[in-house]
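The listed protein sequences correspond, in order, to chains A and B.
The first sequence lines up with residues 1 to 334 when you count with full-length UniProt numbering.
The second sequence lines up with residues 1 to 334 when you count with full-length UniProt numbering.
No lab work stands behind these hints, which were simulated from the structure alone.
Here the structure is a predicted model, which means the values were calculated and not measured.
Be careful, since some hints might not be right.
[Unchecked claim] Only part of the chain A face toward chain B is listed, based on derived beta-carbon distances under 7 angstroms:
#	residue
1	SER60
2	VAL62
3	PRO63
4	PRO64
5	LEU254
6	PRO256
7	GLY257
8	PRO258
9	SER259
10	TYR261
11	LEU264
12	VAL266
13	ARG268
14	MET271
15	GLN272
16	PHE277
Quick reminder that beta carbons are idealized off the backbone N, C-alpha and C, glycines included.
Listed below are the residues making up each chain.
Protein chains: 2
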Amino acid sequence: MTTTTQQITLAARPAGLPDDSTWSLETVELPELADGQFLVEVDHISLDPAMRGWLNDVRSYVPPVQIGEVMRAGATGTVVASRHREFAVGDHVTGTFGVTEYAVSDGAGVTHIDLDLAPAPTWLGALGMPGLTAYFGLMDIGELKDGDTVVISAAAGAVGSVAGQIAKARGCRVIGIAGGPEKTDWLRQIGFDEAIDYKSENVLKRLREVAPKGIDVYFDNVGGDILDAALANLRRGARIVICGAISQYNEETLPPGPSRYMSLLVFRARMQGFLVFDFLDRYPEGLEAIGEMIRSGRLVARETVASGGVAAFGEALLKLFRGENTGKLVLKVR
Amino acid sequence: MTTTTQQITLAARPAGLPDDSTWSLETVELPELADGQFLVEVDHISLDPAMRGWLNDVRSYVPPVQIGEVMRAGATGTVVASRHREFAVGDHVTGTFGVTEYAVSDGAGVTHIDLDLAPAPTWLGALGMPGLTAYFGLMDIGELKDGDTVVISAAAGAVGSVAGQIAKARGCRVIGIAGGPEKTDWLRQIGFDEAIDYKSENVLKRLREVAPKGIDVYFDNVGGDILDAALANLRRGARIVICGAISQYNEETLPPGPSRYMSLLVFRARMQGFLVFDFLDRYPEGLEAIGEMIRSGRLVARETVASGGVAAFGEALLKLFRGENTGKLVLKVR
Chain A
1 MTTTTQQITL AARPAGLPDD STWSLETVEL PELADGQFLV EVDHISLDPA MRGWLNDVRS
61 YVPPVQIGEV MRAGATGTVV ASRHREFAVG DHVTGTFGVT EYAVSDGAGV THIDLDLAPA
121 PTWLGALGMP GLTAYFGLMD IGELKDGDTV VISAAAGAVG SVAGQIAKAR GCRVIGIAGG
181 PEKTDWLRQI GFDEAIDYKS ENVLKRLREV APKGIDVYFD NVGGDILDAA LANLRRGARI
241 VICGAISQYN EETLPPGPSR YMSLLVFRAR MQGFLVFDFL DRYPEGLEAI GEMIRSGRLV
301 ARETVASGGV AAFGEALLKL FRGENTGKLV LKVR
Chain B
1 MTTTTQQITL AARPAGLPDD STWSLETVEL PELADGQFLV EVDHISLDPA MRGWLNDVRS
61 YVPPVQIGEV MRAGATGTVV ASRHREFAVG DHVTGTFGVT EYAVSDGAGV THIDLDLAPA
121 PTWLGALGMP GLTAYFGLMD IGELKDGDTV VISAAAGAVG SVAGQIAKAR GCRVIGIAGG
181 PEKTDWLRQI GFDEAIDYKS ENVLKRLREV APKGIDVYFD NVGGDILDAA LANLRRGARI
241 VICGAISQYN EETLPPGPSR YMSLLVFRAR MQGFLVFDFL DRYPEGLEAI GEMIRSGRLV
301 ARETVASGGV AAFGEALLKL FRGENTGKLV LKVR
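Okay, chain A solo, but in the shape it has when bound:
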């Protein structure tokens, strides 16, 4: 018995924003399961800012996706056939299955998920890589301390919204930066002390007002002018967590860096990058902490679910770069 699946492969490397010519929708027959393999029916696919970087043919922390290769993506699904002893038919799982309706897996990097704790999309958001990124970024790279003033950019996004709620739960004063009143209203609802709308407010000036003693931890997901505004408002000993730079990922030339980086000297501050994968052996700790916050109602996990199946992947990815999502953006497969 063979399985037919639709998949999205990389057709051409984009310059700037990906468009229709970037992707190819293919229908393929999956091979029969070998011993030690299982078949996953994918239900939700993760859309991540980092995907843009994987399309460039440059040396980075993971190899680029190759032309003709299925687009790399995290996903959730259900095991529908198995010749693997640890994964049985009916099991709910998450893994890097790619932009596909069905995937054959040998179990590498695949974990079970508990749909009683949270629905599948949350396992791609607060209980997935974004949540773990928020947790280790804040706790380990940001060295979060009680009472810190914490500023988070892209605060209504998958990582930012979890980071803000973790900081809040640890007794910090939390300021979120996001685009538009809908997002800033939501940030206030979920407990952020202040929310700055970068589309209508002067971020540098507003930060000075809402954090008059300066920022202890700045969790940066965007780069660009907002990073500079934070640099101008540091407190002595500040930690800047470099998690992403979504404002820059689609630039065709290297944009100017943070002009105010010499604030690091004036404020004896540091700026440090990280990747969640480096904390692999501590994922259980992170999931336990976030899971406990969800169970106790101290963390609101929100997802924006795009529809249209794998064929809609290209359009769904653009929503991310247009900032159309609140919380984690996922694509529903069927």
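Given the coordinates of chain A, work out where chain B should sit on it, guided by the hints.
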């Protein structure tokens, strides 16, 4: 008995490079010594890149020098009159006496120096703030480890030349970046493994050649393109020590920051600023370490001594920004 002294005061805040209109040469009578004061006859005045920042009327780690105020400067000298119990006539001292021939001091921030260990100019260089800056920057901010590949910019300068020799003594591979063959030759003489001439070589490409496995510690004194070249050649877990940015101090508008700062994420690296003053209580440790290297011949302390007395201060300072000094630049007062 009063003392007459020549001094340099700040006449006007410069835009860009300081010039003649920046400074005023004044002759003043110093007040008679009060109880607890002493009079210092200054012999050498320190010229520091940081001086440029003190001329701007902006919030920073020290207050700006005010118009009409004696220009702030570290200096060495001899006590020639005293009503202070810890400083006797004939004592050799160093302190922030300013650009002046004579200074009245109450002893705050003044320490004795040992001219048997090294001549006075060295107490403004390797045994002064520059040496301590090199020591704490490398050891504490750079977290120097045996076998690290260490890159130092402005490597033939007061801080860089000491930093390189400390790293070398700790068993590191040390690469210096400096301007011109005279400086790069000197760096090789004092033990640097490689020296790159940024005036005639492509620093980014040369770093890739001489540090093929990447940089563990980059000690930055210059900023600008050289910082970007280092960012492009990091090793995983790299530490960038932000000590200065001499290439940018005379810019009238904020220059673009390091475009390649997202290398911090790819390489899980950090960039951290510091000020030597934060290590005040550990100066004895730093001086002991550097002094021991001088005594045992493992550290070559070099100074460029400008002449002309305090009247030549303005011209001497420009030598620094033109890169005309090798090692520490000091002004001989008489």
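So, going through the hints one by one against the coordinates:
1. Because the smallest distance between the Cβ of SER60 (chain A) and any Cβ of chain B comes to about 6 angstroms, under 7 angstroms, the interface hint for this residue holds.
2. Because the closest C-beta pair between VAL62 (chain A) and chain B is about 10 angstroms apart, greater than 7 angstroms, the hint is violated.
3. A cut of 7 angstroms between beta carbons decides the hint on PRO63 (chain A): the least distance to chain B is about 13 angstroms, and the hint is violated.
4. For PRO64 (chain A), the shortest C-beta to C-beta distance to chain B is roughly 13 angstroms, which exceeds 7 angstroms, and the interface hint is violated.
5. A least Cβ separation of about 4 angstroms between LEU254 (chain A) and chain B falls short of the 7 angstroms threshold, and the interface hint therefore holds.
6. Interface restraint check for PRO256 (chain A): the shortest CB-CB distance to chain B comes to about 4 angstroms, inside 7 angstroms, so the restraint holds.
7. Among the interface hints, the one on GLY257 (chain A) holds; its C-beta lies about 4 angstroms from the nearest C-beta in chain B, closer than the 7 angstroms criterion.
8. A distance limit of 7 angstroms between C-beta atoms decides the matter here; for PRO258 (chain A) the minimum to chain B is near 4 angstroms, and the interface restraint holds.
9. At a threshold of 7 angstroms, the smallest CB-CB gap from SER259 (chain A) to chain B is about 4 angstroms, leaving the interface hint in force.
10. Look at TYR261 (chain A): its Cβ gets to within about 5 angstroms of chain B, closer than 7 angstroms, so that hint holds up.
11. With its C-beta approaching chain B no nearer than about 3 angstroms, LEU264 (chain A) sits inside the 7 angstroms limit, and its interface hint holds.
12. Using the Cβ-Cβ criterion of 7 angstroms, the hint placing VAL266 (chain A) at the interface with chain B is satisfied: the shortest such distance is roughly 5 angstroms.
13. Below 7 angstroms, beta-carbon pairs count as interface contacts, and ARG268 (chain A) has one with chain B at about 5 angstroms; its hint therefore holds.
14. The beta carbon of MET271 (chain A) comes within 5 angstroms of a beta carbon in chain B, closer than 7 angstroms, and the hint placing it at the interface holds.
15. Satisfaction of the interface hint for GLN272 (chain A) is found here, the shortest Cβ-Cβ separation to chain B being roughly 4 angstroms, below the 7 angstroms cut-off.
16. With a least beta-carbon distance of about 10 angstroms to chain B, the hint placing PHE277 (chain A) at the interface is violated under the 7 angstroms criterion.
Violated hints, listed in ascending order, are 2, 3, 4 and 16; each of the other numbered hints is respected by the structure.
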